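Dock chain C against chain F, hints included.
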Amino acid sequence: MKWLYDFSYLTRAIHEGLSARFEPGTVVILEMVLVGITFMLLFALLGLVLVYAERKVSAVIQQRLGPMRVGKWGTAQTLADVIKLLLKEPLINKDADKFLFNLAPFVIMIAAFMAIAALPFAKGLHAIDFDIGILYVAAVSSLGVIGILLAGWSSNNKYSLIGAMRAGAQIISYELSVALSLLTIVVLTGSLQFSTIVESQADGWWIFKGHIPAMIAFVIFLIASTAETNRGPFDLAEAESELTAGFHTEYSGLKFAFFFLAEFANMFIVAGIGATVFLGGWMPFHIGSWEGFNAVMDFIPPIFWFFGKVGFMIFLMMWFRWTFPRLRIDQLLTLEWKYLLPINLMNIVLMAFLSLMGWHF
Amino acid sequence: MIIFSLMAVTSRRILRAAVYLLFALAGTAALYFMIDYQFLAAVQLIVYAGGIVVLIIFSILLTTHINEKLEKPAPGKVFITAVLALGGFVLTVYALTQHNFVVSDLPQTEATVSHIGEKLLGYGEGGYVLPFEVISILLLAAMIGAIVIAKRKASDS
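Chains as they are written, first to last, in our numbering: chain F, 1 to 361; chain C, 1 to 157.
Excised from the complex, chain F in its bound form:
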């Protein structure tokens, strides 16, 4: 059971096992392939689970039952949907730019894969532990918007184009708030490395230790990251009543599934970053000197803590989507540039002052 608490045993065992059989170069390639397959499986699984969760959460909020027919409580519904999507004909319209049209879904997926590689899932379960963790994630997640813009343009469809423009403007502006709210916590940790950030929360999560500015940063992060993943109430990029489906109107079959999966994957990544930076990542919940309580919390393996926190963040985002009305594009940009950004900048100064005076815990 030791490996459940510290995955470095597992990863070291795999590494030693491979090193015993192959040459060092081959080992590196094999390990990369292994990590890639793991993330692909994780994404596929996440897609299944999150689509089902989204439909059930929305059903509960709207006092419906949601999917109930396929499997017990409709649990096999998303599986059936996946099979349906796989069997559909991949359509390309006649005047589309075929090369870019086919490229766009892959750009979005590549950005998602690159971003998830930096997330620490549990102790020792970490694909790459960059010294520049948060900066890296900000860099690669800014690539995703290119996929959206390309998809909208190459479809040769006015709805797609308008959707892509809206999504682009939205993502570029809200990226700033996401990065700045994360920086507020980086002021306290003094490091951009995810493993260091998690370690620094062993005696309490930053959202509690950093009290007021950390709370403000957390709220801003929630709003901005919901907007960055193009989800409601900020989903006007694909406002179905005006733009049919926005930038992915013309996509069908597997390529549509890619966009759909990327949306949920991005939601998971954003929730994962939020959970890591604000809620302590895989660190268990500890209260000061309550030894017994802390021991019980330690008993729960880190990976469950991580997925529990991510699940909580995702639930919050779904809650937003199904309870708030959609914003207009001007309201959206006003919210970012006139409210969130100034508050954020002020908050960073406040946090720096707090950290200088040592008023945090």
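Bear in mind the hints are in silico, worked out from the structure with no lab data behind them. Model, not experiment: these values are computed from the prediction. Possibly wrong hints are sitting among the right ones.
Unchecked claim - Straight line, CA to CA, 25 Å or less: simulated DSS-like cross-link-like pairs of lysine-lysine:
#1 Lys88/F / Lys98/F
#2 Lys98/F / Lys69/C
#3 Lys98/F / Lys72/C
#4 Lys158/F / Lys69/C
#5 Lys94/F / Lys158/F
#6 Lys151/C / Lys338/F
#7 Lys72/F / Lys84/F
#8 Lys69/C / Lys94/F
#9 Lys84/F / Lys56/F
#10 Lys72/F / Lys56/F
#11 Lys158/F / Lys98/F
#12 Lys98/F / Lys84/F
#13 Lys158/F / Lys88/F
To be verified - Chain C is nowhere near these chain F residues, computed Cβ spacing over 12 Å in every case:
#14 Leu10
#15 Arg55
#16 Phe121
#17 Ser200
#18 Ala202
#19 Gly204
#20 Leu222
#21 Phe299
#22 Phe304
#23 Ile343
#24 Phe353
Cβ coordinates follow ideal geometry from the N, Cα and C atoms, glycine included.
What follows is chain C alone, placed relative to chain F:
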């Protein structure tokens, strides 16, 4: 990377050219990753791939139509640019082959973010705080200029 750079210049569809440029820039970032200089790689991705290419794509989206193709440039112009580019290439290669690279025996310094930050804001020996502040004033001036230009246009129309 070289292939993509060539394609970026020769493609007659402007958005495709922008995408090839993106690939070339991402390739540069990958090179930085391979020499373990992660900070520069991430900055390359943020500034060029995430910032400049997105800006280029945005302006293309606003100004051109999908069926538009760029005209073929005149053969004389192609010839002159090719000669100039080749000349530059030959000159660079010549300089590289002539230069005698010395293996430095200085201890390897780690280029971590904290090192870079301390150097950038350091006012002691080898600190860069003055250039940093000068550049920030320049950036501020550029931003104010952009806002002024954008505002005047709005009041005219």
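Here's how the hints hold up against the structure:
no., hint, verdict
1, Lys88/F / Lys98/F, "18 Å, holds"
2, Lys98/F / Lys69/C, "15 Å, holds"
3, Lys98/F / Lys72/C, "22 Å, holds"
4, Lys158/F / Lys69/C, "19 Å, holds"
5, Lys94/F / Lys158/F, "15 Å, holds"
6, Lys151/C / Lys338/F, "17 Å, holds"
7, Lys72/F / Lys84/F, "19 Å, holds"
8, Lys69/C / Lys94/F, "17 Å, holds"
9, Lys84/F / Lys56/F, "20 Å, holds"
10, Lys72/F / Lys56/F, "13 Å, holds"
11, Lys158/F / Lys98/F, "17 Å, holds"
12, Lys98/F / Lys84/F, "24 Å, holds"
13, Lys158/F / Lys88/F, "24 Å, holds"
14, Leu10, "26 Å, holds"
15, Arg55, "33 Å, holds"
16, Phe121, "21 Å, holds"
17, Ser200, "14 Å, holds"
18, Ala202, "21 Å, holds"
19, Gly204, "23 Å, holds"
20, Leu222, "22 Å, holds"
21, Phe299, "36 Å, holds"
22, Phe304, "31 Å, holds"
23, Ile343, "20 Å, holds"
24, Phe353, "17 Å, holds"
Hint check: no violations occur; every hint is consistent with the structure.
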